[in-house]
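> These are the residues of each chain, in order.
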Amino acid sequence: MTDLTAEIVHATAQHLLIVGVAMLVATSAGIPIGVACVWNPRSGRIVLRLIDIIQTIPSLALFGFLIPLPLIGGIGIRTAIVALILYSLLPLVRNTVTGIAGVDPLIREAATALGMTERQRLMRIDLPLALPSIFGGIRIATVIAIGVATIAAAVGGGGLGTLIFRGVAMVDSTRILAGALPAAALAVAADLLFGALERLAARRLGV
Amino acid sequence: MGSSVVIDRATVGGSNGNAIVRDVSLRIDPGESVAVIGRSGAGKTTLLRLLNGLATPSTGAVVIDGLPLGEPGLAERRRRIGTILQAPALFPHRTVLENVGTVPRLLGWPEERIRQASAALLERLDLPFDRFAGRFPRSLSGGEQQRVGIARAMVADPPLLLCDEPFSALDPIVRRDLQDTFVALRDGGSVTLLFVTHDVAEALRVARRIVLIDDGAIVADLPAGDFVRSAHPLIHRFLDAARIPEAS
Chain W
1 MTDLTAEIVH
11 ATAQHLLIVG
21 VAMLVATSAG
31 IPIGVACVWN
41 PRSGRIVLRL
51 IDIIQTIPSL
61 ALFGFLIPLP
71 LIGGIGIRTA
81 IVALILYSLL
91 PLVRNTVTGI
101 AGVDPLIREA
111 ATALGMTERQ
121 RLMRIDLPLA
131 LPSIFGGIRI
141 ATVIAIGVAT
151 IAAAVGGGGL
161 GTLIFRGVAM
171 VDSTRILAGA
181 LPAAALAVAA
191 DLLFGALERL
201 AARRLGV
Chain Z
1001 MGSSVVIDRA
1011 TVGGSNGNAI
1021 VRDVSLRIDP
1031 GESVAVIGRS
1041 GAGKTTLLRL
1051 LNGLATPSTG
1061 AVVIDGLPLG
1071 EPGLAERRRR
1081 IGTILQAPAL
1091 FPHRTVLENV
1101 GTVPRLLGWP
1111 EERIRQASAA
1121 LLERLDLPFD
1131 RFAGRFPRSL
1141 SGGEQQRVGI
1151 ARAMVADPPL
1161 LLCDEPFSAL
1171 DPIVRRDLQD
1181 TFVALRDGGS
1191 VTLLFVTHDV
1201 AEALRVARRI
1211 VLIDDGAIVA
1221 DLPAGDFVRS
1231 AHPLIHRFLD
1241 AARIPEAS
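Chains W and Z supply the protein sequences, listed in that same order.
Just so you know, the first sequence maps onto residues 1 to 207 in the working numbering.
Just so you know, the second sequence maps onto residues 1001 to 1248 in the working numbering.
No wet-lab data here; the hints were simulated from the structure.
Treat the numbers as computed from the prediction; the structure is a model and nothing was measured.
C-beta: ideal position from N, C-alpha, C; glycine also.
Treat the hints with caution; some may be incorrect.
What the simulated footprint calls covered on chain Z by chain W, stretch by stretch (three residues with Cβ under 8 Å from a Cβ of chain W suffice, anywhere in the stretch; the number is not a length) [unchecked claim]:
#	region
1	1065-1079
2	1089-1095
3	1101-1110
Derived, one-sided and incomplete: chain Z residues facing chain W with beta-carbon distance under 10 Å [said to hold, decoys possible]:
#	residue
4	GLY1053
5	GLY1082
6	THR1083
7	GLN1086
8	PHE1136
9	ARG1138
10	ARG1208
11	ILE1218
Use the sequences and the hints to build the structure in full.
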């Protein structure tokens, strides 16, 4: 049992690493992409459609597509992270767009009338007011990523999926649960954490 | 010294192709106070928006202090134009002090100066600094919010002040108080004032010159004293509508 415990700890840490790196990259790309979509609505719609399409690819297939690609593909953790980034983009970009679009136009106009440049308005008004929605995007993206990351084991990405795949192969439900339960717990924890941030940001805005 | 304002044959088109403001010319000297009155949809707000660049003329020009208004540098110039809108539209995530300090911060004032100027103005607007500086807009009443909006527009002493029906959403008593405060502020500083309202009594209280706009064009432009004696039929209707029948 101690062997299994050690395995669970190791797999959980690896799982967190994959999801953490993917979310960090996806967030730092997704929010600027969202802003760009708001600023250029025409190309923004095309970008959103592309990201939509990525989301419709079954996760196992997406991993499969990535394997033959040079640089980002191959067998291992890198492919897993790239796939998770692609999956996480949709909620992040969409919620950034929704959040900014939801800012009261009178407030945006007041900011312009007072003499803020577009960039100043973005940083001081639009993004802070979009924060609850953006946190919502991070929450959804993280929960999805934690689930999808279990499939990363299929391409040698490691993580809790390793235990699940091994359990399935050995018809050993203890092992399956050893992977599935921590993954579920991580998802619930992320949901609670970012849900709290979302509410905190919303309360600060009085909405 | 307030700003000089020249609108030269400006036309602003609406989305449906009709002009909202048609071939309007208006010259306002430094330090003048002008009320623009007219019925709803007459083009009052659009005329005001021309003066802070929120509306762009399709033909004609807007010149403030001898310089045509427009890009580049429009944002910087707006910092010297105070705009008070009908809805105060305070920034909900910023405290009263942060809201009021918006323009000074854009102008790069040191914190201490922002604090002092904000405190002095808030006190004049009957918002004691100690009680209000740290509060968020959602905890303020409508009248308090509108006063913070006024402070936010005026704190950096803009030489041009544009007001778009700033008191129309307030109850008549608060409204009267704010009009008085506003007149005192107007008389205290040297500012050019353009005040849009559909309320003749308010126009006569805050301004010395009245411009009547109807269907996108200026139909009368008179000193306040002449306005009340004018024989113009639309002016008559405005004055009649504002008259309170005396109790018999």
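> Holds or violated: the region 1089-1095 of chain Z covered by chain W, criterion of 3 or more residues with Cβ-Cβ distance under 8 Å?
It holds: at least three residues are needed, and the region 1089-1095 of chain Z offers 5 whose Cβ sits within less than 8 Å of chain W.
> Okay, the region 1101-1110 of chain Z and chain W, do three or more residues pass the C-beta test at under 8 Å?
With 3 residues in contact (Cβ-Cβ under 8 Å with chain W), the coverage given for the region 1101-1110 of chain Z holds.
> Given Z/THR1083 as an interface hint, is the shortest Cβ-Cβ distance to chain W below 10 Å?
Nearest chain W Cβ about 4 Å off; hint holds.
> Should the hint that Z/GLY1082 touches chain W count as held when the rule is a Cβ pair under 10 Å?
9 Å, holds
> So, as I understand it, the hint says Z/ARG1208 touches chain W; can you test that by seeing if any CB pair is closer than 10 Å?
25 Å, violated
> Next item in the hint list is Z/ILE1218. Is there a CB on chain W closer than 10 Å to its CB?
23 Å, violated
> The region 1065-1079 of chain Z covered by chain W? Criterion: 3 or more residues, Cβ-Cβ distance below 8 Å.
With 5 residues close enough to chain W, the hint holds.
> For the restraint on Z/GLN1086, tell me whether the closest CB of chain W is nearer than 10 Å.
9 Å, holds
> Would the hint on Z/ARG1138 stand, with a C-beta cut-off of 10 Å toward chain W?
4 Å, holds
> Per the CB criterion, is Z/PHE1136 less than 10 Å away from chain W?
For Z/PHE1136, the interface hint holds, since the closest Cβ of chain W sits about 6 Å away, which is under 10 Å.
> With a cut-off of 10 Å on the beta carbons, see whether Z/GLY1053 makes it to chain W.
With a closest approach of 9 Å, the Z/GLY1053 hint holds.
Checked against the numbered hints given earlier, this structure breaks hints 10 and 11; the rest are met.
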